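Trainee: Based on the sequences and whatever the hints tell you, model everything.
Given next are the chains, with one letter for each unit.
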Amino acid sequence: MVASSRPGPALIEGARPTNVFTRHELLGDTVLDCDVVIVGSGSGGAPVAAELAEAGFDVVVLEEGSYYATRDFTADTSAMVRQLYRDGGASMALGTPPVMFQEGRAVGGSTVINGGMSWRTPDEILARWQKDHGLDVSPQALEPYFERVEKRIHVAPMDHDAIGNDNWLLKKGADAKGWNIIGNLRNQAHCVGSNRCAFGCPTGAKQSTLVSYIPRALHYGARVYADVRVDRITMNGKRAVGVMGHVALNGGAGKGPSINVRAKLVVAACGAIHTPALLSRSGLQSRSGQLGRNLSLHPNVKVVALFDEDVTGWRGAHQAFQVREFAHENIGTFAAVNLPPSIIAMSLPHKGAQLGALMDRYNHMVVAGLLCEDTDTGHVKTLRGRPQAFYQLAERDAATMQRGLHLLSELLFAAGAKQIILPFAHATQICNADEARKLFANPIPRSSWEVVTVHMMGTAKMGRDRTSSVTDNFGFMHDVDRLLISDASLFPTPIRVNPMETIMALATRAAGHVIDNAKKFLQ
Amino acid sequence: MTTWAAMTRAQVPTDEVSYQHSPTGRAVLLSLVPVICPVEAAGCAEAIVDHVALTLGAAPPLLRKGFGAGLATYDLGALPRYRRRARFLTGERAERYYDSWAHGPTPIHTQFAHALNQLMSLACYEQPEMAARIGYAPGPWIEEVTKKRLSVFRDDVRKQDAQILAPDPLRPGVYVGRRKKAGG
Ligand SMILES: Cc1cc2nc3c(=O)[nH]c(=O)nc-3n(C[C@H](O)[C@H](O)[C@H](O)COP(=O)(O)OP(=O)(O)OC[C@H]3O[C@@H](n4cnc5c(N)ncnc54)[C@H](O)[C@@H]3O)c2cc1C
Ligand code: SF4
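Protein chains in written order, with my numbering: chain C, -7 to 515; chain R, 170 to 353.
Don't read these hints as lab results, they were simulated from the structure. A few of these clues could be false.
[As the list claims (entries may be wrong)] For each label pair, taking beta carbons as the anchor points, the in silico distance ranges come out as:
{"#": "1", "chain 1": "C", "residue 1": "Glu321", "chain 2": "R", "residue 2": "Leu248", "range": "31 to 41 Å"}
{"#": "2", "chain 1": "C", "residue 1": "Ser440", "chain 2": "R", "residue 2": "Pro336", "range": "49 to 59 Å"}
{"#": "3", "chain 1": "C", "residue 1": "Asp21", "chain 2": "R", "residue 2": "Gly237", "range": "30 to 40 Å"}
{"#": "4", "chain 1": "R", "residue 1": "Asp337", "chain 2": "C", "residue 2": "Arg456", "range": "24 to 34 Å"}
{"#": "5", "chain 1": "R", "residue 1": "Glu215", "chain 2": "C", "residue 2": "Asp352", "range": "22 to 32 Å"}
{"#": "6", "chain 1": "C", "residue 1": "Gln277", "chain 2": "R", "residue 2": "Asp337", "range": "33 to 43 Å"}
{"#": "7", "chain 1": "C", "residue 1": "Glu387", "chain 2": "R", "residue 2": "Pro276", "range": "18 to 28 Å"}
{"#": "8", "chain 1": "C", "residue 1": "Leu86", "chain 2": "R", "residue 2": "Glu298", "range": "57 to 67 Å"}
{"#": "9", "chain 1": "R", "residue 1": "Ser269", "chain 2": "C", "residue 2": "Asp471", "range": "19 to 29 Å"}
{"#": "10", "chain 1": "R", "residue 1": "Pro249", "chain 2": "C", "residue 2": "Gln384", "range": "32 to 42 Å"}
Remember, it's a predicted structure, so these values are computed and weren't measured experimentally. Just so it is clear, CB atoms sit at the ideal spot from N, CA and C, and this is done for glycine as well.
Mentor: Here's what the structure looks like:
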C-alpha cells in the first residue's frame, strides 16, 4: 500500500483483547469501582498499571485515544498522524519562535509513535536531582527499576542488518571528525528497519506500552477503557476519590456518555502538557506555584542534507546512532531521522518547481537533527479547560543550537553532503564547510528558527520541599491524599537524553512504593 | 431524541472529525495548487484540496477556524491590486499575490502563507502518484521486513511475547488479593 489521502487504508478495528473497552461498547453512562484508576496509558501510566495489576490491585486505565492493534498501522502516513497524534500533530507552544510539539493520543500514549530510543537518566542529572531537589534517585537506587524496565520493553542494540544508509552516513561523518558516536539502545525485539516508528510500528518490533505493559496489565486483570477523556479528579476534602470523564467521539471533538470511576488511588499520567491541565480543571493547586510551570522541551532542529549517492533512508531503522560528542555543551545528541516525503515537503519552505526539483531527490536525502538541553523554562496555562503551552527560547539556548547546527553541518559535509537546507524560515542552504562557517559567524535571529520538540517535561516537578515542588519523592502530590503523578511532568530538570526510560523507571519505583504500602492505599 | 444507549454500533460516529472546506476555501486552495505544488501534481489538485480538509479535521478547532477565516481574507485581499478575487488569479499573478503574503507586511500574512505552504505540500506528497514519482514505496517494504521478522527471528519474537506475560512480581511474595489471581 502506498501513502494515500483517499479513504481506503483507514484503520481497521479488529478484535480487541478482552478487558479493552472502547466507544463502541460505552454506549450509556458508566460507573466503575476499582482500587486504582490510571489516567493515561503511555510511558508513565502503563508500567504502573501492569505492576499493580500483577500485585493483585484492581486497576482501571482510562485513555482518551483509541485502541489500535499492530495490524492497524499502515503506510498511510497522514491517516496515522490524524489518528495517533493529538491535534493531528499540530500542537504549538507560543513564543519566539513558536515551538511545534507532538504527543501521542492512543492506547500506549506517545510510546506508540516514538522512536524507541531507550536511555537511562545520565548520572550527572540524577546527582543534580539528589542535590538540588532532595530526591532519592541515585543510580544505585534506580538500578533495579531501570533493569526491570529494560527487560520488559526489551531494550537492546540494533541488529546490524536493520541499519539504513542515512545512519551509516551519519556514522561516516562522525568518524571522519573523530567524534564520539554510539549505537542506539532501543526498545525493540528485532527491529527490521521499516522506518515507521513515528506512525505506529507495523511489524510489532517496537515494544511500545501498547504491545508490552498494556497486554501485561490486561493479562493480570486490569481493565482498559479507550476513547475516554477524563475531565476532572473527584475529591472528598483533600483526598482524591476517583475521576469523572466522558466518552470522546470524533477524535475528541464530540462528547459521548459520562464515565465515573471511584477509586482508592488516582494516578494522573496524561503527560507534561495534560496532567497540569487535569489538575487545574479539578481545582487543585500547588502551594509551590510550580504546577504547570518549569516546562522544558529539549528543543530540536532538523536539517535536510543532499548527497550524490542513493540513500533511500526509509529502508532502515529509525535513528540507529547518536553523536554524543558535545553533550557537555548542552548539545544532547545528533541523529539521523528519516521522514516520509510528505513530512519533509511540509517542513521545506520551497514551493512549486523548486519544491518539485528538491523532492525529486528524496532518495538522496539525509534528515538529521539535534537536541538541546534547555536552560530556561516555559509554562502550561489552562484556558477554558484546555492546556496552552508558552515557551520562549532562551538566547543562550539559541546560541547552543546554532553551534550545534554548525557542527552538524560539518559532520554532514565530512560524510559527503553536497547541500544542506537549514531550519530557518526563509530557505537557507549551504554547500560547503566554508559557507557554514560564514553563515554561523553571526547570531541568527531566534524568530526565524523552525523549532520542534517531542520531549515535554517538568510541569509537576518532584522534590522534597513542598514550597518549591508539586510532588514528593515518589510523585505523590504534596498536600493531597491519594493522588500520584506518573509521567514526564515529574522531571525537575531536562535530562539531555530521550525521556521514556526515565519515566518508566520512576513509574515502576512509584508502583513499588504503592505495593510496599498496600494497606494504607487500600483503606 | 436518540439516546446513546439506543444507538446501534454502526450508528456510533467514526473517530475522525469530518471537516469540509467552504466553497470559497475550496476555490482558493484549488487556485493555489499550481503555485505551491510542482506541476506534476496538477492532476491531483482535487485530491490535494480534499487532503487539506482531512488534516484540518484533526487540527485544534481554533486553528481550523483561523485557517478558514484566513482563506476568506486571502481571497478578498487580492481585490484592491488585481481587481479580482485570489481564486481567479492564475500564472504569474497568482504567484506574485502568494509571494506578497509569504514576505508579507505583517507576521500574520507570513504565518498564513507558511501554513498554506505546509498543508498543501504535505497533501501533495501524500498523493500516491507523487510518492511513486520520487521512488517512495513503503508498503511492499513493510510487508517484506515484517515477513522477515516473523520467519528469521521467530523464536526470539516468541520469547519476547512470552516474557511480556510471564509472572515476575515487582515485590515477590506480595499479592494484595483484591481480585482473584489472574493470568500467570
Ligand atoms: C514522535 C515522538 C518521538 C519520540 N521519540 C522518543 C524516543 O525515541 N525515546 C524516548 O525516550 N522518548 C521519545 N519520545 C518522548 C516519549 O515518548 C515521551 O516523553 C513519553 O512517552 C511521555 O510519557 P508520558 O507518560 O508523560 O505521556 P504519554 O506517553 O504521551 O502518555 C499520556 C497519555 O495520556 C492520555 N491523556 C492525556 N490527557 C488525558 C485525559 N484527560 N483523559 C484520558 N487520557 C488522557 C494521552 O492521550 C496519552 O495517551 C518521543 C515522543 C514523540 C511524540
Ligand atoms: S524501524 Fe523498527 S521499530 Fe521502527 S517501526 Fe520499523 S520495525 Fe518498528
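Trainee: Now, for every hint given, state plainly whether the structure supports it.
Mentor: So, going through the hints one by one against the coordinates:
1. C:Glu321 <-> R:Leu248: 31 to 41 Å: violated (53 Å)
2. C:Ser440 <-> R:Pro336: 49 to 59 Å: Cβ of Ser440 of chain C to Cβ of Pro336 of chain R: about 56 Å, so the range 49 to 59 Å holds.
3. C:Asp21 <-> R:Gly237: 30 to 40 Å: holds (34 Å)
4. R:Asp337 <-> C:Arg456: 24 to 34 Å: The hinted range 24 to 34 Å holds for Asp337 of chain R and Arg456 of chain C, with Cβ atoms some 31 Å apart.
5. R:Glu215 <-> C:Asp352: 22 to 32 Å: For Asp352 of chain C against Glu215 of chain R, whose Cβ atoms are near 23 Å apart, the range 22 to 32 Å holds.
6. C:Gln277 <-> R:Asp337: 33 to 43 Å: holds (39 Å)
7. C:Glu387 <-> R:Pro276: 18 to 28 Å: At 20 Å between Cβs, range holds.
8. C:Leu86 <-> R:Glu298: 57 to 67 Å: violated (37 Å)
9. R:Ser269 <-> C:Asp471: 19 to 29 Å: For Asp471 of chain C against Ser269 of chain R, whose Cβ atoms are near 56 Å apart, the range 19 to 29 Å is violated.
10. R:Pro249 <-> C:Gln384: 32 to 42 Å: holds (37 Å)
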